[in-house]
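With the first letter of the sequence shown counted as 1, position 165 gets the number 164 in numbering that gives the first Met the number 0; the numbers rise by one all the way through.
With a Cα cut of at most 25 Å, we get these calculated DMTMM-like pairs of lysine to aspartate or glutamate: (1) K193 / D39; (2) K193 / E227; (3) K193 / E135; (4) K164 / E135; (5) K164 / D63; (6) K193 / E100; (7) K193 / E162; (8) K193 / D173; (9) K193 / D63; (10) K164 / D65; (11) K164 / E134; (12) K193 / D215; (13) K193 / D168; (14) K193 / E169; (15) K193 / E222; (16) K193 / D107.
Honestly, the hints are just simulated from the structure, not real lab data.
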Amino acid sequence: MNRAGRWARTAVLVAAGLLPGAASLGAGSPELAPRAPVQDFVPPAPGSYALPPIQRVPQGTVLDIDGRRQPLSRYTTGRVTLLSFMYTYCTDPIGCPLAYETMMTLRDRLLARPEHARRVQLVSLSFDPAHDVPEEMRRYAGRLADPASPLRWHFLTMRSVAELKPLLDELGQDVSVEVDAQGRPTRVLNHMLKLFLIDARGRVREIYSSAFLLPDVMLNDIETLLLEPAAP
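Please construct the entire structure, taking both the sequences and the accompanying hints into account.
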């Protein structure tokens, strides 16, 4: 079964209050618990469907939590990768916190299967390089950035919005800054929540919006990629 067929047969009931679409995120938003979508179907078994390549992950240069410049490809190849764009002060319950909770769930489930954990990595890349400098990303990551973990979770930022924008544009990740009544920029970012599933060769294989952050489905997608033969 291909991606279109799989989602065409998917029935998803969204938890009360979850509105698919752009999330308004910012320090002034009310701090509420993430509101996850509800899954009311049994997902197809890993390997029983195809996830055709969508596009290659663009090139770019990021900063790790130690402030070292690294090629983005270091974090999007070699392992199956789940990439999320986020920022540390987001409090919208259908924004970055929902992505974070979903990734935490997947992390815990993958760590229970070490043979899978060592072949997968998680990446959180900030939308706001001005605020989310490496030191802030380190604080936000805490123990999750432990390099000894078999499942690495990388917390990255970039030097500037100018360097970040081409990456967002090529991946179709829209983001804008709200302005106040006087036309001045605020600290509120508007964006469509997306998580990108990337194979070990650096190709995007699935893109999840807020209504499709379903850990059972996402885990099966990850396992489907792990079942593929290694690239020659």
